[in-house]
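Engineer: Input sequences plus hints: build the corresponding full structure.
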Amino acid sequence: MNSWLQAQKQTVKKHIQVVRNNPTHILQSLYRILPFVILLWILLSLIKPAPILITPGPHQSVQTNYPALGVHTRLTDEVEEWKIQHSLQLVREMGAPWIVEFFPWAYYHAEDGSIVWEHQDQVIEHAHAQGLTIIARIGLTPEWARPSDTTLTYLDANAYDDFATFAAAFAARYQGKVDYMIIGNEPNLSYEWGYRTTTPEDYVNLLKVVYPAVKAANPDMQILAGALAPTLEPAGSPWGLNDLTYLDAMYAAGAAAYFDGLAVHAYGLTFPATAAPDPTILNFRRIELVREVMEQHGDAETKIFVTETGWNDHPRWTFAVRPSQRIQYTLEALEYAQANWPYVEMLALWAFRFPAPTKSYMDYFTLVTPEFVNKPIFEELKRFTGN
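Read in order, the letters of the sequence shown correspond to residues 1 to 387 in my numbering.
A few of these clues could be false.
[Unchecked claim] List time: in silico EDC-like cross-link candidates among lysine to aspartate or glutamate, alpha-carbon distance up to 20 Å:
# : residue 1 : residue 2
1 : Lys-208   : Asp-220
2 : Lys-215   : Asp-162
3 : Lys-303   : Glu-371
4 : Lys-215   : Asp-260
5 : Lys-215   : Asp-179
6 : Lys-359   : Glu-371
Calculated directly from the structure, the hints in this document are not laboratory data. As the structure is a prediction and not an experimental result, all values here were calculated from the model.
Structural biologist: Pasting the structure below:
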């Protein structure tokens with residue numbers, strides 16, 4: 001093959017020399033050269049490097065001084081396996097034993113019932129190999145399971161059984177590797193229902209369908225309700241409902257029997273980590289108000305999982321802080337939670353890394369850039385965990 005290619009290259013060079021010596025024959029020579037150029041291009045395009053084999057490798061363990069630390073990894077749209085593996089290696093090296101990862105129902109489940117598992121397998125196998133505990137968030141509705149002209153977040157009662165079918169299949173497939181599952185996301189916001197105004201009872205009804213289906217498939221799977229979004233929206237708002245009001249109504253509708261843990265989001269915004277909780281403001285310690293609602297309903301034994309938290313250091317976003325403040329508040333939040341919240345099982349920082357820049361304030365929540373440059377907050381967290 002190599003000698004043949006060399007001969008074709010010499011033929012092309014010969015015709016080029018003819019063109020140089022006799023410009024009047026340009027078109028004629030081009031016609032003669034063209035078939036060789038096309039053939040050469042086709043042959044070269046067929047020569048591809050061997051694919052890189054990515055394997056999970058030997059099982060690792062996380063060394064950490066803070067066993068409750070987690071991160072939201074956001075590998076949902078990461079298509080290169082080596083980047084999935086490297087992201088999870090960095091999580092382990094930072095000293096975070098927990099990850100929260102999103103597995104969209106809409107991405108994987110076809111109308112004929114078939115489920116594509118390849119990407120999910122990659123993420124879970126690599127996370128398991130790194131010794132990480134996985135919390136899987138299930139959400140987003142396939143086009144076939146919702147009315148036309150609706151968004152991915154649209155979910156109504158007609159699709160609850162289909163949602164439960166996927167969740168149960170996921171739970172069965174990853175038994176022994178995934179032990180926690182969040183049903184939906186921020187159900188107290190209308191956006192997460194396809195911009196529809198719903199009630200807490202709607203979400204409780206979803207739990208009542210999904211919980212027994214998942215438990216039948218994998219009795220060890222722990223179902224997390226939520227995750228509740230911190231918001232002050234009053235009753236009747238088109239945007240959502242106050243998280244404390246929403247949780248109270250969930251208990252009133254009988255939700256307690258259909259979840260094993262409560263997932264919540266707790267952002268610090270511009271407040272220090274230790275700023276006192278107040279029903280009229282949103283800050284990190286709002287978790288204490290959530291806990292009060294749980295205890296009022298006799299649910300003191302159920303753990304809270306903080307599946308999104310953190311501060312943002314965008315230079316111009318209204319709710320951001322300076323980079324040094326972000327580091328300080330984050331470390332103080334972890335210290336405060338460890339000292340005062342025995343009912344909190346884990347805290348996951350939003351977000352570890354995005355596959356590509358969002359070119360918005362969201363990029364300033366991350367700990368690592370898309371190019372795998374560790375930000376100062378990553379290095380400080382690594383030191384904090386003893387790594």
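Engineer: Each hint needs a verdict: does it hold in this structure or not?
Structural biologist: Status of the hints after comparison with the structure:
no.: 1; hint: Lys-208 x Asp-220; result: holds (17 Å)
no.: 2; hint: Lys-215 x Asp-162; result: holds (16 Å)
no.: 3; hint: Lys-303 x Glu-371; result: violated (36 Å)
no.: 4; hint: Lys-215 x Asp-260; result: holds (11 Å)
no.: 5; hint: Lys-215 x Asp-179; result: holds (11 Å)
no.: 6; hint: Lys-359 x Glu-371; result: holds (14 Å)
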